Amino acid sequence: MLIRDRLDVLFADDAFVGLYPCDGRPGLSPGQLALVSVLQFAENLSDRAAADAVRTRIDWKYALGLELEDPGFDHSVLCEFRARLAEQDGAADRLLQVMLDRLVEAGLLKAGGRQRTDATHVLAAVRTLSRLELVGETLRAALEELTEAAPAWLTPLIEPEWAKRYGRRVEIGKLPGGKAAVTARAEEFGRDGQKILTTAWASNAPPHLRLLPQVEILRQVWVHHYYWDMDGALRWRDGHALPPASLRFDSPMTPVAAGPGGGLRAGAAAFAADARDLTGVREEQALDGGDLGLAHLLTSVTAIVGAVLDVPLRRHPRAG
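Residues 1 to 320 (this note's numbering) make up the sequence shown, in order.
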C-alpha cells in the first residue's frame with residue numbers, strides 16, 4: 001500500500017511495449033498484470049486465487065488502481081503474461097530493474113551492501129559411499145548403461161562372476177582381513193573396469209560408447225582411484241594420493257544430480273552467497289530500506305560448492 005501511496009503506478013505500460021504486437025485490439029494493462037504477478041508471488045497464490053483476489057480484495061484493487069466494481073480478468077491471462085516474459089530474453093530482469101529504479105526514485109529503497117552466509121542449499125540426496133563402494137557402483141552403472149546402448153558389444157566381455165558382483169547394488173560393510181582385503185577387492189573391481197575401458201577405447205570399438213555419460217564417469221573415477229605401477233599392474237591408490245575432494249565424485253549419480261553444466265557436486269552443500277533480510281545476503285546492488293524500517297530486498301543469489309573457500313564472486317548482471 002505504501003508503494004501505491006508514493007508512486008501511484010509502479011509499472012507503466014510503456015515498459016512492456018516490446019512484448020506485444022502493435023496491431024490488434026487493446027488488451028489488459030501489462031503494467032497491472034506485472035504488479036499482480038508480484039503480489040501473487042509474495043502471497044504464494046495460484047493463478048486462479050490471484051485472479052479471485054483482483055476481483056474480491058479491496059487492498060489489491062487499491063494497489064492496482066482499480067474501481068471497486070472492476071470484474072477483473074480470467075486467471076489464464078497470468079500464465080500468458082509469464083510466457084511473454086519468458087519468451088523475450090532478459091525481459092524478467094528488465095522488469096525487476098524497472099521496479100528497483102522506481103522504488104529508489106520514491107525513496108523506499110536505497111543501495112545496500114553485500115553479505116555472505118553459510119546457509120546450505122541441498123542439491124541432491126545422494127547415498128554416501130565408501131571408496132570401495134564408489135568404484136563398484138560406478139562400474140555397475142556403466143555396465144547397466146552399456147547393456148542398453150550396446151548389448152551385442154558388451155556380451156563377450158562379461159565374466160561369469162560379474163552377475164554376482166554387479167547384479168545388484170554394491171554395498172560393502174567391514175571386510176575381514178583389514179586393509180589388505182579392501183585393497184584386494186578394490187583391485188578386483190579395478191581389473192574389471194579396466195577391461196571395459198580398454199575395450200571401449202580400442203580402435204575397432206564403436207566411437208559412441210566413449211561418449212556415454214556413465215562410461216566417461218567410469219574413466220574419471222578410475223583415474224582418481226587407481227594407478228599403474230612400474231610393472232604395468234593396476235593398483236589401488238592410498239587415501240593420501242587422491243585428487244582434491246572438489247574434483248572427485250561422491251557417487252556415479254553426482255553429475256546427474258548437478259544438472260546441465262555440472263559444476264556442483266551433489267551431496268556437497270553449496271553456500272548461498274549475496275542476499276537478504278535476517279537469513280541472508282545482499283548483492284552489491286541489492287537495495288535496503290533499513291532507515292524506514294522496511295524489509296531488505298533480495299535481488300540475486302550466488303551458489304558456490306562447499307569445498308571451495310571464499311573467492312571473489314562474479315558480479316550479477318543486474319547489479320550494474
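If you are wondering where the hints come from, they were derived from the structure by calculation, not from laboratory data.
Fair warning: this is a prediction, and the values are worked out from it, not measured in the lab.
Each hint should be verified, as a subset may be incorrect.
[To be verified] Listed next, the in silico SDA-like pairs over lysine to any residue satisfying Cα-Cα at most 25 angstroms (straight line):
hint	residue 1	residue 2
1	K164	E105
2	K195	A163
3	K174	L157
[Unchecked claim] Between beta-carbon pairs, the in silico distance windows are:
hint	residue 1	residue 2	range
4	Q220	L157	47 to 57 angstroms
5	I172	P213	20 to 30 angstroms
6	A149	G178	37 to 47 angstroms
No residue lacks a Cβ here, since even glycine has one placed at the ideal position from N, Cα and C.
- Earlier hints that do not hold, by number: 1, 3, 4
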